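Could you fit the two chains together into a complex? Lean on the hints.
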Amino acid sequence: MFVPLAATCAVVLPSCGRQPVRVVDVSETRVVKKDLRLGRNLAERFGTGSSSSRPPRQSDSPAGGGGMPSLPPLGWKLPDGWSEKPKTQFRMGSFASPGNGDCSVSVAGGDLRENVNRWRGQFGQQPLDAAGIAELTKRPVMNGRVNGHLVECRGAYTSMRGEKIDDAALLGVVIPVGPTVSMFVKFVGPSATVVEQRENFFALCDSLYFESAGSNAPAPSGGRLSLAWSLPDDWQEVPSGSRYRTVTAAPKSNPAVQCWVSQLSGNGGGVRNNVNRWLGEIGQPYLGPTAIAALPTIKVLDRDSVLIEAFGNYKGQNGESRDAGLLGVVCEHDSNMIFIKMVGPSDAVRAEKENFTNFCTSLEAR
Amino acid sequence: MKRIIDALASFKLTIFVLAGMFVLTWIGTIVQETTMSLYETQKVYFDSWFVIQPVPGLDGINVPLPGGVLLMTLLSVNLLVGGILRLRRQLSRIGILITHIGIAMLMASGLVSLMVAEHGLLGAYEGDEAVEYADAHHLEVVAFEVLDDGYVKEYLLPGDEFIGLRTGEKVTMRHPDLPFELDVHDFILNASPRRKGPMFNVSVPVVEGYYLHQREPAIGSREVNLSGCYATARVDGKAPQTGILWATDNKPVRETDPWTFEADGKQWGVKLRKEVRELPFKIRVDDFDMAFHPGTRRPEFFQSDITIWDGDAEATQRIEMNKPLRKSGHILFQTNWGPQNDPHATKHYTVFEIVTNPADQWPAWSCYVIAIGLLIHFSRMLFRYVRTEQMVQKA
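Protein chains in written order, with the numbering used here: chain E, 1 to 366; chain W, 1 to 395.
Looking at chain W on its own, in the form it has when it is part of the complex (with noise of 0.2 angstroms):
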């Protein structure tokens, strides 16, 4: 046991993991700036325990390393190991000890934002009201069933349970409420709708004289992939009805309707699409305001006055760049605007990014606590200085 803690406290596990914390970062940099999104380059060598990495000129040779979370996890054990546990109990290494406390705290807001924090956005008009916003990388597949008084009842695939399937799989999608069972196949991550024309031929079902034909993805920027599949609906004693979905919504320019079959003698839509949230409030975007600075298009500014209605509580805030808004564990940033490619446009849209993390203070309180640490510390080695200099001057 004591061999086992030695080891989780030693220095060398230290620089093991910050030799492989510079390994990961050059090779996700390298990677980063090549082949992936900054989205997947995240995902693959950062939010994992393991990379299988290829050897670049070495086709088929993987080499295995260590991901960010485990890499993170052993530092964080080193740290209340080798920082905490095992730190001798003195009145004079007090600073030491809170400063490796502030420490394991940002480790464990990191941990927490890792396993919860999600990001979302959400864009509106003046005079638009908003309670829900779409999920900036999640995708889900949505049954629709139209219910009385404008009202509807959707059904819910989680993208994870479709993203990455490959041909000839499927996912077949089914609820006790629901008249037929809904196949989900072909994703594609970056799709476009395109007519089947006589000289070809495609690996992917045509409808209505279209196919899904697969894009280069997007990268640098995951979001911008339009992701699309298609869905076959199997009704008793009915053909299959196949439908091509195509995940384009970009609210508050454009929402796709949804494909439309016939079960149980009535018309349904399934659409796929970001992920849509429901924020804990409503709110209405009052004034957007944005200036450029001057000859360019580059912003100077932009800001937003929404009014928030919280139950029976309304509030006004302003929005603006470094300047969100906290409620109810949703932190709206102002991050964007639009339409940027028109320059003649008189109507723009606001764009805000919806981040929920219950650990968005935390790095900020972590600080506050290594800053607290260090001061301690470091005062009480310049207080030893000066005393030991006047001992000296005295002696």
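Chain E on its own, in the form it takes in the complex (with noise of 0.2 angstroms):
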């Protein structure tokens, strides 16, 4: 009897009572020494870097999550129009723009708000509070790796050597690249040409990456699968331009036909918005998610993974149309997000079907 009773209760009681609010008057308090380091962001606490979102590990050194990175060489592409100046111990990057503008890349330590009050200071303007800076308008840059935050000042300039211009503009973009440093990108100039260059400034950002061993536009970082795979008899691959690009290939008999394998980590944007923005550059309406939910599978590193062919008028990120197929693999794997494309002539793209699917399902993670 006290069993089955008892056993009832445990069922039905924990699903009773709960309340979304709680108070708890704590009373538990204690005094001890220590050495607590108040105002630090959250990178700095956490030791999360621009590119890292790994967590620490049990086994990290003590040395790791802080200090000042040694960071490799900068890259860019410079907006038409622009020169580059000589580096100063300060610059690791420096820049003139037409009009007199100065660009300037440089890293510091130190946290947003401070950073951000300097350049406001030399334009005379009061130094914005913790809710000022995070209304801070956040920006994509280095190729959307990373978000900076935007900084726009306008008025009477005064730089750091004392040098004054009465109509200045600046636009600055704060990224952060390590637990405790940020890149700061700064273009001041006459308003006039600040206002002009605006698009090149933010191409300039834009274009932004450290160079790597053996490359020098890597890969984004952070968590990517190592993936290997084989690739069907008549294919081969070729030279890719996008350092997304994990492989690039195409058919020997079909060169318009490309095929490659990209991957981002976390979700990606979620399997959904992948699939309708493949579906919008070729041209066909957006699917819902039950539609989504009905697109076929295949097998590709042991998951199931949406399937989708698409033919109509493909529409490039350079506005180019033409006639083509679309065929398209997406892949949820663990934290990272696996993306097989193959676009081209859609008679061509028709006809590799077997072999697209052949390449999708020899991917193996190494």
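Just so you know, the hints here were simulated from the structure itself, not pulled from any lab data. Among the clues, some could well be false.
Partner residues are not named here, just some residues of chain E that face chain W (Cβ under 8 angstroms, in silico) [said to hold, decoys possible]:
no., residue
1, P20
2, V26
3, E28
4, R30
5, K138
6, G270
Computed cross-link-like contacts, DSS-like style, restricted to lysine-lysine with a CA-CA straight-line distance of at most 25 angstroms [as the list claims (entries may be wrong)]:
no., chain 1, residue 1, chain 2, residue 2
7, E, K138, E, K77
8, W, K394, E, K33
9, W, K153, E, K34
10, W, K266, E, K33
11, W, K266, E, K34
From the derived model, a few chain W residues whose C-beta atoms are all more than 10 angstroms from chain E [as the list claims (entries may be wrong)]:
no., residue
12, P56
13, V112
14, E314
Note that this is a predicted model, so its numbers are computed, not measured. Even for Gly, the Cβ is constructed at its ideal location relative to N, Cα and C.
Dropping the structure here:
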């Protein structure tokens, strides 16, 4: 009698009486001698840099997670009309724009608020409080790999060397690159120049990358899966123009067709968003959740992965349009999203479908 | 009344309990191998009165089972009533009685360990002194108030108050000395802060461009989970301030700085961490020594020489594998070392597991009692057999 009654209570009672808000008057306190470091931002506290999303590991060394990193050389694509100036001790990159604009890339410690307010001070503007800093616009930079904080000032400018511009403007982007340091891209000049060169400045910010051994355009870092594959007989690897691609291949008999594998850490926007982005490129209608769920799947890396086929007019990122087909697979693999995409003339893509699926299923994690 | 006592003393109950233990052990072993950590399995199946067990293949169908605590309690009662109270009071049964008392002591030591034993970890490099250590499992949120002369006042919210909070639930922590109320919400057992990208949405707050990403909880070893949560400080007349808390302290390797906000004209810190416990004495690691089996990274031995200060008394002690330090209700086991992922490390640290368990020595005493009981009983049986044989031979 007791056992069934108690069992019933055990099942029923836990579901009762939970309140969304509970107030706890804490009574336990203690006073200790402690070296407390307050005022650190999140990246400094957790050692999460711009490209690092991994948590500290139990085995991390005491030296990890802090201090000024030894940054690799910086690379960029110079906007049309801009020229490079000699680097200095404090400038990783130094540029001049048409119209007497001066642009610098530097790395420094200190928190965001401190540095932003230093820039504002050069324009005689009041410092921002924490709420003001929190409201700064965030903008993807470095080819979309990180978000930088965008700072804009306008007014009378006095540089650190005392040079003055009466009607000046500043465009700045603060990019976190390590636990305690940020990269500062600062563009200052007459306000008309800054307005005119605004898009070029953002293009420069977007083109920035850290050079790594053997490559002047490193792949995005952070937890990418190491993959192995086997190419169909008629396929060969071809050079890729994108550092986001793990491999690019093309059929020898149909060189107009290209197939590539790319990866993003995290959910990469999710299956639905990516499928619809691809469908949009080919001029096909948007699919809702039900239609996405009904898409066929194939096994890639032991995961059921959505396979899409779309034929229509391909619109590339440069705006070109042509008759094309697209085969794509989105594979959700643990903390990575793997995309396999083939585009080309529609007939050729249809002809390569079997090779494409064979290639997809040949992928293995190394 | 007699019927109840008969039922409690019956062999049927003994068999029911033993069968229940077999089933529980079987399920617990499977679950521990597949979906739960060892710690969680212990908690759910063995440190509980009842278990709500899902039936594989039948979604939503659960079967209530007796938990380990209930079964052990029933077995103890069965043993007490059947093996001690109802045992015939004869000198010839004294050995059995003592044996049953020993088993009852063993059960009692298990119960006391279950109720009050605590486990923690203390890591230290040579030369480090320590007066506190971190609990192996329990978490706490702590609010720091900076006092004078390097002292800090800690306001502690135990993990039991916020672990398991579901979406939309929060716990508000307050204290008469705090000029704010602190909401703890969105607790995630295994989390990591990640940058919030433009292409996806998250269901938790985004702070300084980061959000807490939910990771798959570690199976097999719950203590490696890095838990996280959010804290929102509400100060009168100011907008709420929210921070991300992430329990990543791993002394002596890493101690995470607290989230900082302003209230009442000064800075306050808040942190999520493993519960900190104080030692009743101070230790210093004087020497840590270790050696690997040749050609491997398997330790052949590792040992620590420590100095202990207890009031005015100073002593030295070596702690090595299977030779712990027992002092003032605390047992320090040599349990680990680090860093283990750096073969070129020139400096290693030692890790002690610290257990507080008043019943630490009870199993040993129980075994002595059981041994004495069995010795008496079997000796008596042997004498009786020998005497019977002699009588048969004489006849």
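Hint numbers contradicted by this structure
8
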